[in-house]
Amino acid sequence: MKKLLVSSAVAVALSTAASSAMAEDISLGVFLGLTGPIESLVANMAPAAEQAIAEVSDSGKLLDGTKVTAIRADTTCVDAAAATAAIERLITSDKVAGVIGGDCSGVTTAALTNVALPNGMVMISPSATSPALSTIEDNGLFFRTAPSDARQGVVMTDIIMDKGIKELAITYTNNDYGKGLADAFQTAYEAAGGTVTISAAHEDGKADYAAEVGALASAGGEVLVVAGYLDQGGKGIIQGSLDTGAFDTFVLPDGMVGDALPEAIGEDLNGSFGQAPGTDSAGAGKLVDMASGYDASSPFAAESYDAAALIMLAMQAAGSTDPAKYKDKVMDVANAPGEEILPGELAKGLEILAGGGEINYVGASNVELIGAGESAGNYREIEIKDGALSTVGYR
1 MKKLLVSSAV
11 AVALSTAASS
21 AMAEDISLGV
31 FLGLTGPIES
41 LVANMAPAAE
51 QAIAEVSDSG
61 KLLDGTKVTA
71 IRADTTCVDA
81 AAATAAIERL
91 ITSDKVAGVI
101 GGDCSGVTTA
111 ALTNVALPNG
121 MVMISPSATS
131 PALSTIEDNG
141 LFFRTAPSDA
151 RQGVVMTDII
161 MDKGIKELAI
171 TYTNNDYGKG
181 LADAFQTAYE
191 AAGGTVTISA
201 AHEDGKADYA
211 AEVGALASAG
221 GEVLVVAGYL
231 DQGGKGIIQG
241 SLDTGAFDTF
251 VLPDGMVGDA
261 LPEAIGEDLN
271 GSFGQAPGTD
281 SAGAGKLVDM
291 ASGYDASSPF
301 AAESYDAAAL
311 IMLAMQAAGS
321 TDPAKYKDKV
331 MDVANAPGEE
341 ILPGELAKGL
351 EILAGGGEIN
361 YVGASNVELI
371 GAGESAGNYR
381 EIEIKDGALS
391 TVGYR
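Note that the sequence shown covers residues 1 to 395 in my numbering.
Please note that the accuracy of each hint is not assured.
As the list claims (entries may be wrong) - Keeping only pairs whose Cα atoms sit at most 27 Å apart, straight-line, the calculated DSSO-like set for lysine-lysine is: (1) K179 with K206; (2) K329 with K286; (3) K163 with K385; (4) K325 with K95; (5) K329 with K67; (6) K67 with K348.
Claimed, not checked - The calculated label-pair distances, taken between Cβ atoms and stated as ranges, are: (7) D243 with P337: 32 to 42 Å; (8) E203 with E263: 17 to 27 Å; (9) G266 with G164: 24 to 34 Å; (10) N119 with D243: 21 to 31 Å.
Hints are computed from structural coordinates only; laboratory data are not their basis. The beta-carbon is built from N, C-alpha and C at its ideal position, and this holds for glycine as well.
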């Protein structure tokens, strides 16, 4: 009997120790461009990711009560060295269990290849869209809730062709994002019968874009596609074009879509149009209703909430916060079969997974991960009217 009591006591102790280990607090990195050319977008992206983290932590449903905190780190969007140093701090010093980010494609690629991959860290990006990331070596550690620009190039072509525009010029920010999007779009547009008069790079951070605008104006075109950043060179190209009369209508891909641009340019931007990832799904509306202190309808906010949610749901499905284990569950929780889970229902999803059930995380961006773990792609079509951004449809 004494031996039995001792054995029972040991079993209880071991069970308690296992439960305590399971409930050990963790941190997730929110690795976004807190400064730099998309700072105005990140102002809504970071709080969205942090809302999902708080929702799960407050629920007490993750791995027997594991609490989760967010630690921010700045990608700068454009400085690969700074981004690499920032994610290294997150992983080696802050000991995060997963990373929401990066944001811009170049810094995301650098952070993944130089730091996350050799350290076996999961990254889920809400906004890195370069087609090159579809085939990058990642050992199953990298995912994105935003679609590839290969998809955006086709959607943008459809929108432009629907408007009867058969000739245009392209300017793009001289990095992985800009070049990848410009190439993907040009391929799709020319295949549809359109003519590109010029496709020219521009550098961010310049005080004057007269030379670039002059070259674009000489080539001509009905409109100018600006594959850049709304807080940086893209805005400078547009203002220079308007000042000189080179172009008066602009096509705005995702990096140019945000309230900050029409606020800066004013009504001269009226008539310009474009697209950014987005959906009119029930989940998108629910996140907008839930959001406090930030604009959940802003580009990539929904994708940021979803990126954070997927990491934590995958942890629950794997029964572990170890990236080497939960990375294999990300695709499972993101896709059918299973009960659909929307924003505000993360506790429900965690409970189902804890009970051995299956979920289909739909989230705020109508998540469906395909191929190498990237979004299948939903887009919001926008126009600038009365000096403000307005949504005119979805594709």
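Results of checking the hints against the structure:
1. K179 with K206: 18 Å, holds
2. K329 with K286: With a Cα-Cα distance of about 25 Å, the restraint between K329 and K286 holds, given a limit of 27 Å.
3. K163 with K385: The given pair, whose Cα atoms are some 16 Å apart, holds under the 27 Å limit.
4. K325 with K95: 16 Å, holds
5. K329 with K67: 20 Å, holds
6. K67 with K348: 16 Å, holds
7. D243 with P337: 32 to 42 Å: 56 Å, violated
8. E203 with E263: 17 to 27 Å: Since the Cβ atoms of E203 and E263 sit about 24 Å apart, the hinted range of 17 to 27 Å holds.
9. G266 with G164: 24 to 34 Å: 27 Å, holds
10. N119 with D243: 21 to 31 Å: 48 Å, violated
Comparing the model with each numbered hint stated earlier shows that hints 7, 10 do not hold.
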